[in-house]
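Participant: Heads up: the sequence shown at position 444 corresponds to 435 in our numbering, and the numbers run straight through without jumps.
Where hints are given, some of them may not hold.
Calculated cross-link-like contacts (lysine-lysine; reagent style DSSO-like; alpha-carbon spacing at most 30 Å) [said to hold, decoys possible]:
1) K215 with K140
2) K268 with K180
3) K215 with K357
4) K360 with K180
5) K360 with K349
6) K530 with K364
7) K157 with K101
8) K329 with K360
It should be emphasised that the hints constitute simulated quantities derived from the structure, not laboratory data. No experiment lies behind these values; they were computed from the predicted model shown.
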Amino acid sequence: MAEGTDFNFVVNEEEAPLTPKLELTGDTEYAACAASNSAKEFSFKAAGKDTPSTAQIPEDGTKGSVEKVTFEVLFENLKPCGKKRSITAPGSQRIVDALQAVQGLQKIKKDLQKVFLDPLPDSKVKGEPNIGSPCSSIAGGKFKARFHKNLKDVQSLSIYDDDGLKSRKRSRFYVNVSEQRSRSQWITKMEPTKFHFRTLLIDCLPNDTLLSALLRDGRIDNSKMKKSVLSECSDHSVPIVQALMDDAHSHHDSTFVSEVIDEPQVSEDDWQESLRKVQIDYGVDRNPTHKGSIGPTVTQSPSYEGRTDTSASSVPSTSGSTPKVGNPGSQENKSDEKMYAEWQTLAAKLLKLDLLPKESEIKEKKRRKKLDKFAEPFVQEYHNVNQGTTVLMMSKLIGHSVSVGVVVKNDHCYGTCFRVGPKFVLTNKHVTKLADLSSGSCNDAFVEFNYLKAFPNEEDFVRFIVKDVKHSQDDLDYCILELDIPTGQFQLVQERLPGLESLIGSTSEGSTVTIIGHPGGQPKKLDVRCPVLNPNNNKVTHYLKIHPSKAQDVYHPGRTIYKSTFAHGSSGSPGFDQYGNLVVMHTRGYPLHAGSHSVLEQGIRLTAIHGDLRRNKPDLFRAIFPPECWDTVWPGTEEHMDCS
-8 MAEGTDFNFV VNEEEAPLTP KLELTGDTEY AACAASNSAK EFSFKAAGKD TPSTAQIPED
52 GTKGSVEKVT FEVLFENLKP CGKKRSITAP GSQRIVDALQ AVQGLQKIKK DLQKVFLDPL
112 PDSKVKGEPN IGSPCSSIAG GKFKARFHKN LKDVQSLSIY DDDGLKSRKR SRFYVNVSEQ
172 RSRSQWITKM EPTKFHFRTL LIDCLPNDTL LSALLRDGRI DNSKMKKSVL SECSDHSVPI
232 VQALMDDAHS HHDSTFVSEV IDEPQVSEDD WQESLRKVQI DYGVDRNPTH KGSIGPTVTQ
292 SPSYEGRTDT SASSVPSTSG STPKVGNPGS QENKSDEKMY AEWQTLAAKL LKLDLLPKES
352 EIKEKKRRKK LDKFAEPFVQ EYHNVNQGTT VLMMSKLIGH SVSVGVVVKN DHCYGTCFRV
412 GPKFVLTNKH VTKLADLSSG SCNDAFVEFN YLKAFPNEED FVRFIVKDVK HSQDDLDYCI
472 LELDIPTGQF QLVQERLPGL ESLIGSTSEG STVTIIGHPG GQPKKLDVRC PVLNPNNNKV
532 THYLKIHPSK AQDVYHPGRT IYKSTFAHGS SGSPGFDQYG NLVVMHTRGY PLHAGSHSVL
592 EQGIRLTAIH GDLRRNKPDL FRAIFPPECW DTVWPGTEEH MDCS
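Let's have the full structure, built from the sequences with the hints guiding it.
Facilitator: See the structure below:
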């Protein structure tokens, strides 16, 4: 195995029992305080059920980030030989930072960026961690620290945002790289048998798949992951192949071997979703602590596999038989993929844009800068629409926020929902699909309504089990879930968590929406006065010049386009206009290019959902809406909202 100078790094085995809870950071003290005061009068558990921790982790999972963990380090190569040092660090602090903060290690502080931590035989942590991971990921482990004499540069560290470092809902799995002797089979950036311990520890965040957890790890060569096969090593004689998109949490402490083959093992949509989840931007170095890019070279960017050259310099002339933009008639018999490529090529030519990634990092940064400059028209002039929010209106929105919850299953937050009717919540269908909820199969799923402050006390929990999926609809991407509300608490729920169905109104260009939800599975937040855009707005048409295939979705009559900062995890959030009317359910975003933040966001019109239920599910419609809402028709929705 790896060679070099060694010293021991030992972590105490002792761990206090921990039941971590969802974190909360309020957007304003006023909002958090008001909602918290409301919740104090209303706190209970679902009847007949023990209230589980919202973020329970496996027995051998990692410690919470806020608590401090203690490391006991034995430095064999430092004097006095064998002296143990006690290191106390927050669980959210990176391993390398915790080591560099030790007073007695200042002389080798820079070298600590190159250290490898090999687990000792009696360690409960069985693999080599990435030293860019938080200390909580290795609590309870014992390691032998090693400096490799041939390692010239610092290690490739994993990249986390602040929430990732602080997350208390971690899991882990291992990848055995000891047999990867052929360069074509390496999944690490460095030769595994020369530099690494035989088994790598892969740290996982909530909602991680096996693929997204691997992509986040700075040691992994992401260019090979799309075509990698993971086989789980167990007591079986034959390793069991696992899908890369499997929930990483369900494989806690499992060990895999990897193999790189010729065929992709994930769909393009799943690959792009994984890149967005980890926020990898190909061709741009996201790690200031080392020179190597976290991703592969831009020539390996999966978002451009199989595409034609779309750079302005390589676009063919538009003269002759080449169809013009806006006249796709001659393309009727061509495949959708070829049509898309031709449209994109012509758009690049007409807009003088270069859509093909560059191998040179400098050229790629210049190309991205030009794309960002082109995207400037997407920036909404907020002074035209955002005139501020009155305290009275904010108080009203805070009142509505108590009826907004987060959908949780198996310790994972899948999306936002909100109360409608006497015993239902409304969310996106794709949220329930991600959570694997279906009629008659809602085991372990619940809705938490009081996710308002960091590490709430158990008595603050306001949660109900999901009893059933009552109805879902594809075109409008909505789903109605029935909650299991104990009889003795039914009236209390109506008073403290009122349904929002009677607040429905229509939306229009020039108005705003305020969204209340749980972006990224985080505590309840508000995105105030997001400007609503007309589908014919220049900002929308600019986007469609780059992505003409999205026109049908953008122009959908049952949806509304606006600008918002809310991303993954906020799907299913209610959106209110400047008068307090419930107008949209936040649904999705549209990024300009792969890996970038969305430039447009979209919500489902509540008037469209109202009309669809009335036509296609009249009994459920009457169970949700009060009689005074049964005959309400909003202008411009009834004639084109038959989406059955």
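Participant: Run every hint past the structure and note whether it holds.
Facilitator: Going down the list of hints, with the structure as the test:
1. K215 with K140: 27 Å, holds
2. K268 with K180: 21 Å, holds
3. K215 with K357: 26 Å, holds
4. K360 with K180: 28 Å, holds
5. K360 with K349: 13 Å, holds
6. K530 with K364: 13 Å, holds
7. K157 with K101: Measuring from Cα to Cα gives roughly 25 Å; hence the hint holds.
8. K329 with K360: 28 Å, holds
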